[in-house]
Amino acid sequence: MALLSFLFNSKPKTASAAKERLQIIIARERNGRNGHDFLPALHKELIEVISKYTKVNADDIKISLDRQGNLEVLDVNVVLPDA
Amino acid sequence: MAKIIVVTSGKGGVGKTTSSASFASGLAMRGHKTAVLDFDVGLRNLDLIMGCERRVVYDLINVVNKEATLTQALIKDKHCENLFILPASQTRDKDALTEEGVENVLNDLVKMDFEYIICDSPAGIERGAVMALTFADEAIVVTNPEVSSVRDSDRILGIIQAKSRRAQNGGEPVKEHLLITRYSAKRVDAGEMLSYTDVQDILRIPLVGIIPESESVLHASNQGNPAIHIKGSDVALAYEDVVSRFLGEELPLRFTSYEKPGFLHRIFGGK
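First to last, the sequence lines map onto chains E and U.
Going by the numbering used here, 62 is the number at position 64 of the first sequence; the sequence numbering is gapless.
Here the numbering used here runs 145 ahead of the position in the second sequence, where the first position is 1.
If you're looking for bench data, these hints aren't it; they were derived computationally from the structure.
For each residue, glycine too, the CB sits at the ideal point set by N, CA and C.
Do not take every clue at face value.
[Stated by the list, open to error] Which residues of chain U face chain E? A few of them, derived with a C-beta cut under 8 Å, are: (1) L188; (2) R296; (3) D299; (4) A335; (5) G336; (6) E337; (7) M338; (8) L339; (9) D343; (10) I347; (11) I350; (12) G393.
[Claimed, not checked] Within a straight-line C-alpha distance of at most 30 Å, the following computed DSBU-like cross-link-like pairs (lysine-lysine) qualify: (13) U:K239 x U:K221; (14) U:K331 x E:K42; (15) E:K17 x U:K156; (16) U:K221 x E:K9; (17) E:K17 x U:K308; (18) U:K148 x U:K223; (19) U:K405 x E:K9; (20) E:K11 x U:K156; (21) U:K320 x E:K17; (22) U:K331 x E:K9; (23) E:K50 x E:K60; (24) U:K148 x U:K376; (25) E:K17 x U:K331; (26) U:K331 x U:K256; (27) U:K320 x U:K239; (28) U:K405 x U:K148; (29) U:K308 x U:K376; (30) U:K239 x U:K223; (31) U:K331 x E:K11; (32) U:K405 x E:K11; (33) U:K331 x U:K178; (34) U:K405 x E:K17; (35) U:K211 x U:K308; (36) U:K148 x U:K178; (37) U:K178 x U:K239; (38) U:K405 x U:K376; (39) U:K376 x U:K178.
With the hints as constraints, model all of the structure from the sequences given.
Here you go:
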């Protein structure tokens, strides 16, 4: 195999890998600048609202934003303390 | 009506100054009164590329600080009657560029009847780069077909869309143009380099031109002549096309297809 590639001097085709990597990273970075900065504020307000009704620690509320295909999924996970 | 055009990229070394010099020269050669401004305070190089480094007396910061008038600071180009260069300061700090100061200089250039004002941006996304793009009507985003350059171009497009005066005032957005430089049709053909359609797919802005990778660019900068003056070179032709397209002509792309050299050519070789 090494001999073959030496004989035919085949260089790896890497451009497609470059395109794929760029598409993924740029989509992610564009999401970041299109105003998903609201997550920290949302987090803060959620704590305030939930605290009105029950005791909760800031660390027990986890928010994340994911992409599944064409859908964006906002995942809010609240762990209520033991009564 | 004067147009302010920023030549920017985010990443360094992709050809902003080379492109600014040739684009401004091309506009002037077609009879438009043009000024080209270096915003790279502390690392000026436009003067070298334009070949006027020994004639620099005053610079952009002197004009911003009102230590010199625009007429004193503008350097007349050695090739074109109606092209003027405003160099950046080599000694001052970038903080010397205030938004108000830059706006005053640009307004004064408009009053002097300049039709095109080209702002050669420094690399990066710091003050100098932001000042260069703040007042732009149009932007030429210089990109190499290479991952870090494409990513940085996308980043700078985001900054144009957020921080330019046009974006802040909610007016018509800055018109964006993609300029791909250092393009090798041969390497694209071999699957080793992103094609211009790949880059366009990712950045999604209209293409104003493709400048092929070429030895002429180094010859041009060695001599302090903008590459568009290297008669008959592929780079000069490509920059001519960029100017034509910018002025509204529709032209087919050149230097985008690679013909494999024939058998005899491979044996006897050319250059």
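* To do: Could you grab the alpha-carbon distance between K405 (chain U) and K17 (chain E) and see if it respects the 30 Å cut-off?
  => Holds - the C-alpha atoms of K17 (chain E) and K405 (chain U) are around 24 Å apart, at most 30 Å.
* Asked: Taking the closest Cβ pair, is L339 (chain U) under 8 Å from chain E?
  -> With Cβ-Cβ at 5 Å, under 8 Å, it holds.
* Is the hinted pair K405 (chain U) and K148 (chain U) satisfied, with a Cα-Cα distance of at most 30 Å? -> violated (42 Å)
* Asked: Keeping to a limit of 30 Å between CA atoms, is the pair of K17 (chain E) and K331 (chain U) held or broken?
  -> With Cα atoms ~18 Å apart, K17 (chain E) and K331 (chain U) stay inside 30 Å; holds.
* Once the shortest beta carbon distance from D299 (chain U) to chain E is found, is it less than 8 Å? -> holds (5 Å)
* **Status of the hint placing M338 (chain U) at chain E (closest C-beta pair under 8 Å)** => holds (6 Å)
* Hint check: 8 Å Cβ-Cβ cutoff, E337 (chain U) to chain E -> Nearest chain E Cβ about 6 Å off; hint holds.
* To do: Assess, step by step, whether the Cα of K50 (chain E) is no farther than 30 Å from the Cα of K60 (chain E), and give holds or violated.
  => At roughly 18 Å apart (the allowed maximum being 30 Å), K60 (chain E) and K50 (chain E) satisfy the hint.
* Asked: For the pair supplied as a hint, K331 (chain U) and K9 (chain E), is the alpha-carbon distance within the 30 Å limit?
  -> It holds: about 13 Å lies between the C-alpha atoms, which stays within 30 Å.
* To do: Could you grab the alpha-carbon distance between K331 (chain U) and K11 (chain E) and see if it respects the 30 Å cut-off?
  => holds (13 Å)
* Asked: Is K17 (chain E) close enough to K308 (chain U), meaning Cα to Cα at most 30 Å?
  -> holds (28 Å)
* Asked: Regarding the pair K239 (chain U) and K223 (chain U), is the alpha-carbon distance no greater than 30 Å?
  -> holds (28 Å)
Hints 1, 11, 12, 14, 16, 26, 28, 29 and 33 from the list above are not met by this structure, while the remaining hints are.
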